[in-house]
Amino acid sequence: MRVKFLAATLVTILAISGCNRNADNNAELSADPSAGGAFSGLPSDNAASVPTQPVFQEPITPNPGFGVGTQEQLRAEIGDRIFFETNSSSVDPRAQPILQSLVGWLNQHPQRSLRIEGHADERGTREFNLALGNSRATAVKNFMTAAGVSPGRLITVSYGKERPAAAGSSPAAWSQNRRAVFVVF
Amino acid sequence: MKRLNSHKNNWFSWPAVFLIMLASFWSNIAVAQVEIEITRGSRQALPIAISNFEGNDPSSDQIGRDIGDVIRNNLRRSGLFVSINPQIYPQQPHEISTSPDFQSWRGTRAHALAAGKSMFTDDGRLRIEFRLWDVAEQAQIEGLAYSTVPSNWRRIAHIITDAIYERLIGEPGFFDSRIVYVAETGSSTNRVKRLAIMDQDGANQRYLTDGNHLVLTPRFSPTSQEITYLSYVGGTPRVFLYNLNTGQQEILGDFPGMTFAPRFSPNGNEVLMSLANGGNTDVYVMDLRSRQLRQLTTNPAIDTSPSYAPDSRKIVFNSDRGGSQQLYVMNSDGSGVQRISFGEGLYATPVWSPDGRWVAFTRILDGRFAIGIMRPDGTDEKILTEAFLVEGPTWSPNGRMLAYFGQEPSGGNDEAGRATLYMIDTFSFTEEVIPTPTDASDPAWSPKNP
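For the record, the sequence lines run as chains A and B.
Take the first sequence: its position 41, counted from the start at 1, is 41 in our numbering, and no numbers get skipped.
Take the second sequence: its position 341, counted from the start at 1, is 341 in our numbering, and no numbers get skipped.
Hints were generated in silico from the structure; no laboratory data involved.
Be aware that a few hints might be false.
Cβ-Cβ distance ranges computed for the label pairs, FRET-style [what the hints assert, rightly or not]: (1) B/Glu408 to A/Ala172: 12 to 22 angstroms; (2) A/Asp92 to B/Asp414: 34 to 44 angstroms; (3) A/Glu72 to B/Gln295: 35 to 45 angstroms; (4) A/Gln100 to B/Phe388: 36 to 46 angstroms.
Ideal placement from N, C-alpha and C gives every residue a C-beta, glycine not left out.
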């Protein structure tokens with residue numbers, strides 16, 4: 001209790017001293033002659049030439065990609081992937097809000113299309129995983145076309161287990177690799 | 001790779017035909033000895049002496065020594081032979097080459113003795129003379145001469161090994177054959193894969209593609225020097241054809257959706273494959289002359305990895321239509337689908353053996369992978385080898401060996417787990433690494449070289 005009280009007192013003192021310092025700063029600023037304030041101490045009829053300095057203005061083009069729906073924007077605003085359970089290609093409830101946001105994002109960027117990449121972890125055979133990756137990518141595509149996105153804006157490709165996102169042979173890495181990734185083009 | 005001890009002693013349940021052939025051959029020579037050998041244990045390695053082939057100048061003598069090395073290595077890797085240590089050979093190559101002193105060879109335990117001569121002909125070609133003797137019978141049982149360009153000397157060594165194997169085992173060998181595979185380099189998240197081809201012992205490595213595009217699952221034509229494989233050229237995975245004689249590559253049909261899991265028919269005129277149309281993957285067959293694609297399965301589940309029986313009447317394939325990945329057999333028109341795998345775990349990558357009696361597969365159980373074989377009706381399942389990840393068996397042309405690949409776990413620092421090719425004898429379960437210059441996967445055995 002005693003320690004807490006002391007600490008609280010200290011905080012209060014620091015806060016007050018901080019306020020005082022701010023007040024001093026304001027006073028100094030007010031004493032600037034060019035400000036012509038009440039504390040300048042100069043006669044008010046002592047006219048000085050105080051022209052404004054011109055500021056030149058020109059339009060600038062947006063940074064390439066800004067506002068047009070880049071991969072970086074997609075990743076920052078929504079995320080560029082969803083994950084799947086082992087051997088499953090169903091879009092689980094946690095992934096659905098992401099896909100709904102993705103639909104909205106595509107509506108905001110009508111000039112953009114998506115490549116949906118389906119991936120699998122290394123714990124399956126190569127050919128079955130190619131089929132599984134295809135099923136995952138198609139499940140995403142079907143979800144989005146059902147929500148109104150034109151199928152012509154969505155292409156799918158399966159990489160099976162060939163392009164893991166996370167290195168390593170651990171359940172954590174595998175869960176990162178069972179995924180569908182959205183690539184803007 | 002770990003060999004499964006529980007299966008080591010299954011030797012006697014193996015096809016009696018092999019034992020009969022072995023016994024019938026040896027009955028001409030040494031019946032009593034063979035019976036003792038067969039009851040001794042699971043591995044019946046036959047003692048054999050392969051003398052170096054004697055040259056008539058330093059250059060041909062070196063080739064003669066190298067040929068001896070290749071033959072001894074081939075026979076050892078088959079698991080069926082044990083070479084007698086050359087240190088105890090009672091005769092030098094030049095003393096053996098026409099008629100050995102059989103009395104002195106009996107002391108070495110060698111049942112058979114091979115030797116020969118190596119020379120260059122006037123037109124600069126290599127000529128190899130080879131003889132095989134039965135030591136107990138004191139008789140020559142094979143005598144053949146070969147000639148070729150000197151750089152092709154290894155092929156003669158393989159052809160001679162096949163002659164020895166065929167004469168002593170009573171079935172065709174597999175040594176004069178090649179293996180196409182996928183050579184892997186780079187990190188686990190950015191793997192570079194190239195088609196590569198080599199002799200079955202790992203020699204004469206050559207790359208077929210440059211690594212700019214992902215390539216997977218090459219398969220040899222059983223009748224021609226052609227390979228069908230999966231390539232990501234152009235972005236969409238599709239089945240391609242590669243002609244080894246011309247180097248020409250061509251796409252096999254341009255369909256909406258991905259084509260994959262190709263495999264030739266036994267007559268080489270068709271390619272089975274999977275086509276993913278929308279979310280559904282089915283098995284199709286393409287006629288290579290008309291390029292017409294015919295759909296064989298229509299199930300909404302995944303149907304992939306099809307493989308013809310050697311009589312082309314049936315197809316074994318992989319499907320999860322029953323809720324988990326299992327093996328199914330159907331008639332070649334797609335009718336009469338029946339599940340054949342009923343063991344614990346998931347089953348994948350079925351491949352029908354060239355003699356029609358077995359289906360090799362990959363099994364996944366409790367997070368471990370295994371390579372096994374079963375009868376086409378699903379009975380008599382045997383697991384040959386088990387590991388963290390082993391996959392993709394391919395039969396040797398004589399239907400006795402399987403090649404496959406194994407991959408070790410990766411550490412997590414983006415270093416890919418080591419991928420290695422192996423071959424295993426489906427009788428003795430003798431397992432050998434096939435040496436490759438880089439990591440390697442997806443092996444496919446050729447037919448015997450033309």
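Hints, verified against the model:
no. : hint                                     : in the structure
1   : B/Glu408 to A/Ala172: 12 to 22 angstroms : holds, 18 angstroms
2   : A/Asp92 to B/Asp414: 34 to 44 angstroms  : violated, 28 angstroms
3   : A/Glu72 to B/Gln295: 35 to 45 angstroms  : holds, 42 angstroms
4   : A/Gln100 to B/Phe388: 36 to 46 angstroms : holds, 39 angstroms
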